[in-house]
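Each protein sequence line maps, in turn, to chains X and C. The first sequence begins at 1 in our numbering and counts up one residue at a time. The second sequence begins at 1 in our numbering and counts up one residue at a time.
I should point out that these hints are in silico values taken from the structure, not numbers from a laboratory. A quick note: this is a predicted structure, and the numbers were derived from the prediction, not measured. Glycine residues also receive a C-beta, built at the ideal position from the N, C-alpha and C atoms. Check before you lean on any hint, since a few could be wrong.
Between beta-carbon pairs, the in silico distance windows are [to be verified]:
no., chain 1, residue 1, chain 2, residue 2, range
1, C, E122, X, T187, 44 to 50 Å
2, X, T215, C, K70, 19 to 25 Å
3, X, V271, C, K70, 50 to 56 Å
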Amino acid sequence: MRKPFYLVREAWANMRTNRTTTIVAVLTTAFALACVGIFLLLYVNLRNAAGSLQEDVKVMVYLEDRFPRERVQELERKLKIDRMVAEVLFISKEQALGEFRVQFPSESHLLEGLGENPLPASFVVTLAPNFRSPDAMKGWVERVQTMEGVAKVDYNQEWLSLLAELIGYIELAAIGVGILLSAAAVTIIGNTIRLALLARREEIEILRSIGATRTFIRIPYFLEGAVLGVCGSALSLGILKFAFELFRQQIQLTGRFSGIEGMISFFPFSVCLALVMAGMGLGFAGSVVSLLRVGEGRT
Amino acid sequence: MDAIIQLIHVSKWHDRKAALSDVTLEIEKGEFVLLMGSSGAGKSTLLRMLIGEEQPDEGQIFVHGRNVTKLRPTEVPYLRRKVGAVFQDFRLLPKKSVFDNVALPLIVQGASEKDIRRKVTEALRAVDVDHKKDQLPNSLSTGEQQRVCIARAIVNGPVVLLADEPTGNLDPERTREIMELFKLINARGTTVVVATHDPHVLNQVNRRVITLVQGVLLSERRIGQGVGV
Numbered sequence: 001m002r003k004p005f006y007l008v009r010e011a012w013a014n015m016r017t018n019r020t021t022t023i024v025a026v027l028t029t030a031f032a033l034a035c036v037g038i039f040l041l042l043y044v045n046l047r048n049a050a051g052s053l054q055e056d057v058k059v060m061v062y063l064e065d066r067f068p069r070e071r072v073q074e075l076e077r078k079l080k081i082d083r084m085v086a087e088v089l090f091i092s093k094e095q096a097l098g099e100f101r102v103q104f105p106s107e108s109h110l111l112e113g114l115g116e117n118p119l120p121a122s123f124v125v126t127l128a129p130n131f132r133s134p135d136a137m138k139g140w141v142e143r144v145q146t147m148e149g150v151a152k153v154d155y156n157q158e159w160l161s162l163l164a165e166l167i168g169y170i171e172l173a174a175i176g177v178g179i180l181l182s183a184a185a186v187t188i189i190g191n192t193i194r195l196a197l198l199a200r201r202e203e204i205e206i207l208r209s210i211g212a213t214r215t216f217i218r219i220p221y222f223l224e225g226a227v228l229g230v231c232g233s234a235l236s237l238g239i240l241k242f243a244f245e246l247f248r249q250q251i252q253l254t255g256r257f258s259g260i261e262g263m264i265s266f267f268p269f270s271v272c273l274a275l276v277m278a279g280m281g282l283g284f285a286g287s288v289v290s291l292l293r294v295g296e297g298r299t
Numbered sequence: 001m002d003a004i005i006q007l008i009h010v011s012k013w014h015d016r017k018a019a020l021s022d023v024t025l026e027i028e029k030g031e032f033v034l035l036m037g038s039s040g041a042g043k044s045t046l047l048r049m050l051i052g053e054e055q056p057d058e059g060q061i062f063v064h065g066r067n068v069t070k071l072r073p074t075e076v077p078y079l080r081r082k083v084g085a086v087f088q089d090f091r092l093l094p095k096k097s098v099f100d101n102v103a104l105p106l107i108v109q110g111a112s113e114k115d116i117r118r119k120v121t122e123a124l125r126a127v128d129v130d131h132k133k134d135q136l137p138n139s140l141s142t143g144e145q146q147r148v149c150i151a152r153a154i155v156n157g158p159v160v161l162l163a164d165e166p167t168g169n170l171d172p173e174r175t176r177e178i179m180e181l182f183k184l185i186n187a188r189g190t191t192v193v194v195a196t197h198d199p200h201v202l203n204q205v206n207r208r209v210i211t212l213v214q215g216v217l218l219s220e221r222r223i224g225q226g227v228g229v
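Produce the complete structure using the sequences and hints provided.
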């Protein structure tokens, strides 16, 4: 029991002795990880938003004006048996006009002057969940567009592609920034451990001379690195949470982007835990790097 | 008698200069040996080799039946647990109490709390500093610090005790006390090897003396037995 207690106490003593460098290491690690966290948060929320938007996406299949009624029913059957289609709803010319009048009451007089109803009949198609990716949708639309009686197929293709592209860029940026700042965190923690090692070189020599194994000598420094990593990542999550809540509050107060506050969310607990574990891993890596560089713990 | 330390044609060079040159010697179990020689004679190099801190360039070294020159790095700590070491500069941890300093070799080995308490108390009593167990080393006199260092070296019952210039920082009276302590430890069965350049120590120890001069084993004798090589 004394041995583990000793090792933990030594790690704690290391941190207390080099208090300033320890605090600086935790703060800079927290800042670096918070920067990574911003990208990650943006990425996660945009992906969620894209997911829910794609669920709502409906494809409008407009029909040619003189397409016979019985051929319309045939086309509807064709669409309904398509494995990529989940739901098909027919909107007749009259229904379309009615909806237009409901949605745009002040503009309805514009259609009166035209005499004949200019709005086409259409199918509102909801694709099956597995085929809602931009690529799958694009392929389906291209196929339907060539069908007889179809005048035009419309959906927010550009918007969705743009969102997918943006998510791709953010993903890349998150990976790039993540690698860069993780390396920075490893270096910062590594340097802190290195300072601790240099300050305690004499003590390490004494431990070696009385028969301490390499593992025994190294464990306090591994612990120190892991604790610094955990503290840094926990603090970064705190900073992120604070900034996130501030952002959400601002949206509510200003009223701009209303509706967005319900769509955005912070990391779930499991992701927070994974980030803290990742911080611990980075701290541990920092310890390993500095122990290898200083070459301590040799027998 | 059994040899607990054996050097066979051991040589070591530091920067092309021979620190030890073709040294062959045996130390029996339970012996008390003085390793004499001026500064740079190779005494410390020899002691460092016995605990695996340095490796010879030539020759073989056996300690307690193990060939030190063939030990894997992971095996060296276990050798050091059988060989206690005392240093001229004491090498005590300044921020730990006397008790914690002495307990360190036992903690390293994973001894139980009960064992640590018992053995540390015994070791501190043996060197007569048990009343200062809660103090920090820097608050002790140099003689007391050396006693604490000896207590740490004997706390886990080593088979060999090596002391490198243990009286180098002590006045004649403290030197006499420390040498008496080594004799006491030796009388309990531990093999003791003391490296020193101080000829006054000779007068206090009527034992085997090995003299090194510039890395060469010059003479081996027992006080009052004449000189032999």
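Do the hints match the structure? See the list:
For C:E122 and X:T187, the hinted distance range of 44 to 50 Å is satisfied, since their beta carbons lie about 48 Å from each other. Between X:T215 and C:K70 the Cβ separation comes to about 22 Å, which falls inside the hinted range of 19 to 25 Å. Taking the beta carbon of each, X:V271 and C:K70 are about 52 Å apart, inside 50 to 56 Å as hinted.
This entry satisfies every hint, going by the numbered hints stated previously.
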